[in-house]
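Sequence lines, in order, name chains A and B. Quick note on the working numbering: the first sequence kicks off at 99 and runs consecutively. Quick note on the working numbering: the second sequence kicks off at 251 and runs consecutively.
Be aware that a few hints might be false.
[What the hints assert, rightly or not] No more than 25 Å apart at the CA atoms, straight line, and that leaves these computed lysine to any residue pairs for SDA-like:
1) K203/A <-> T502/B
2) K250/A <-> L498/B
3) K206/A <-> V501/B
4) K206/A <-> N262/A
5) K203/A <-> N476/B
6) K186/A <-> L212/A
7) K206/A <-> R490/B
8) K250/A <-> A178/A
9) K250/A <-> S279/A
10) K250/A <-> L470/B
11) K102/A <-> D175/A
12) K206/A <-> V488/B
Don't read these hints as lab results, they were simulated from the structure.
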Amino acid sequence: MALKVTDLRVYYRTLRGEVKALDGVTFSVADGEIMGLAGESGSGKSTLAKSLIRLDGRMRHAGGTVELDGEAMPLSDDDAMDEFRFRKVSLIPQYSMSALNPTRKIGKMVGELLESRGERPDRAELERRLELVGLSKDVLDRYPIELSGGMKQRVVMVISTLLNPSLLIADEVTSALDVSSQKAVATTLLGFRDRGLVTSMMVVTHDISLVYQIADTIMVMYAGRLAEKAPADVLVNAPRHPYTMQLISALPEVGVRYEDRRLTGIPGNPPSLLKPPGGCRFRDRCPLAFDRCAEQPPFAEVAPGHFVACWKAE
Amino acid sequence: MRRYLGRKLLIYGLTFFVAVTVNWMIPRFMPGDPVSSMLSRANVAQPAAVEAMRAHYTAMFGFDLPLWRQYLNFWGALLQGDLGISIWLFPTPVSDVIVRAVPYTLGLLIPSILLSWFAGNRFGAFAARRKWLDNTVLPFGYVLTATPYMWLAILLAWALGIVAGVFPVAGAYGFDLRPSWSWTFIGSLAQHWFLPFASLFLVAFGGWAIGMRNMIIYELEADYVNYLRALGAPARLVRRYAFRNAILPQVTGLALQLGVLVAGALVTEIVFSYPGLGHLILQAIQNQDFFLLQGTFLFIVIGVLIANFVIDVAYVLVDPRTRTGMGGAA
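Only chain A is shown next, with the shape it has when bound in the complex (with noise of 0.2 Å):
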């Protein structure tokens, strides 16, 4: 088991109290596992992402355990995590075209970190890494200006597994880009975890049909807490959880014109999570909501590897 995440808490401290963002999250991610982590804006499935790598300045750790090849992580801990980003979970940050510093060449940038993370930089090995994703090893005497937002983002993807690490955190890294890019963007994580540079994946994305090309399970969060996962086909085609089934018939069809059907959302807004209310979350907005609801529903395992957080599910 890579990744072993149990009764997770993260709250975002505000001025008005603290946001529970991620509010009590058990899952896991198995050797070789791609896991799709999909979700509304303000799911919390951003925060997830973050939590595993890096606390920023406004999250606290308020509980629950993290597990990577059997060791603990310790998330509120920002210098002893030190020790695990890189070697042992990477990030491809949301913001790509941006990650690079831009009065650094690439190949030195590069050096630059290994060495100060007391790594040898090993020039065949990056180059060998940069042919891997099509890119030829002139980039490394480039600024970063001098590159496209696609090439820019290639070459955040060779940076992040340098190191093979466990688990690699793909953070919405197919948001900005167009269908051929999202595509090559795709192909190229799917060959990183085939060559087993590195060994599981987490893929946060709110774009369900583009992670279900690549994904073997996908996750649902709804409103800071997991909804639904299951393998990416069955996900996909019987979902268990209100949520799923209502998110996964929102997505829009080519061809469909708006006249012949409207697209169908899901009415009403997620729960603030400044003082979430108790219960199951999604129940003011779910058409198959009953009594039981007002109860917390456990996040059940319903079928081998289908999990699901309903009691209508069981």
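Following the hints, position chain B against chain A.
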């Protein structure tokens, strides 16, 4: 690169032309007549002699010609390196007067500009990471940078010169000394130099420290810093990168501040009766000395333009982004 430098040189050439023309115009449109003030200084009683002298001086300085001719003659002489003859220190050539004053001004300006820039940036970057410094010393920086140069100069002269009596308050060296390469003279020179230098240094230092502190805080929030931190890069590397990126606007700021600093130095020189260019300008204005005023301004214009050009070139060296923008060649 060549196209970039060519364009820059053209802009500097144009600026030079306009500035020199304005320099020529200002003294001529000032009220007053330099020849009559020379005559009154000469103290000649006979009206015939006065008239003869007036005609002689007017012809000598070329004031009898129409303005446009004077203007063309001025450019002609300038291109041959002739700045004319000082009226105040008649008959010393203006270039000699300026050459005597320049070392004092440069001796004040260069150390105060460079040291305040260097120390201010270092200190600002340092203070950005120390909350207690940020809360105690930096507010003081705001006060410093908002202080007019001459006011701080007067304050320093009063406190350290008159009340404490540690430093002299006027001149470039003791009145009882003659310029020579002796230790007494150099010591006196340094003692007289300190207060004008300190007043220029302190005001500029406050400005640079505040600018750098803000830039560093901004840079430490940048995406590339977050990425480096996520990959576990030590704070040392992150700070080095942030400093390098934060210094860029400060280089531009130096180019912008140069004119202000030069003006500040001129006023400071007047406060301390320091015999540099600022002191000359004051004397030139008081004595209606067109040629000296023109010459001094010319020197300042050239100095500021050269310094700006150097900063332009330096900027190209420190920021790779300007290099790719120049020729389109990647």
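Hints and how they fare:
Restraint check for K203/A and T502/B: satisfied, since their Cα atoms lie roughly 22 Å apart, inside the 25 Å limit. Simply put, K250/A and L498/B have alpha-carbon atoms about 23 Å apart, close enough for the 25 Å limit, and the pair holds. Of the supplied pair hints, the one linking K206/A and V501/B holds, its CA atoms being roughly 23 Å apart against a limit of 25 Å. Distance hint between K206/A and N262/A is fulfilled; the C-alpha atoms sit about 20 Å from each other, no more than 25 Å.
Distance check on the hinted pair: K203/A and N476/B sit about 18 Å apart at the alpha-carbon level, within 25 Å; holds. Among the hinted pairs, K186/A with L212/A is consistent with the structure: their alpha-carbon atoms are about 14 Å apart, no more than 25 Å. Simply put, K206/A and R490/B have alpha-carbon atoms about 14 Å apart, close enough for the 25 Å limit, and the pair holds. With a C-alpha separation of about 29 Å, the suggested pairing of K250/A with A178/A is violated against the 25 Å cut-off.
Distance check on the hinted pair: K250/A and S279/A sit about 12 Å apart at the alpha-carbon level, within 25 Å; holds. Taking the CA atoms of K250/A and L470/B, the gap is near 21 Å; set against the 25 Å cutoff, the hint holds. With a C-alpha separation of about 18 Å, the suggested pair K102/A and D175/A falls inside the 25 Å cut-off, and the hint holds. A C-alpha spacing of about 14 Å is found between K206/A and V488/B, which places the hinted pair at or below 25 Å, so the restraint holds.
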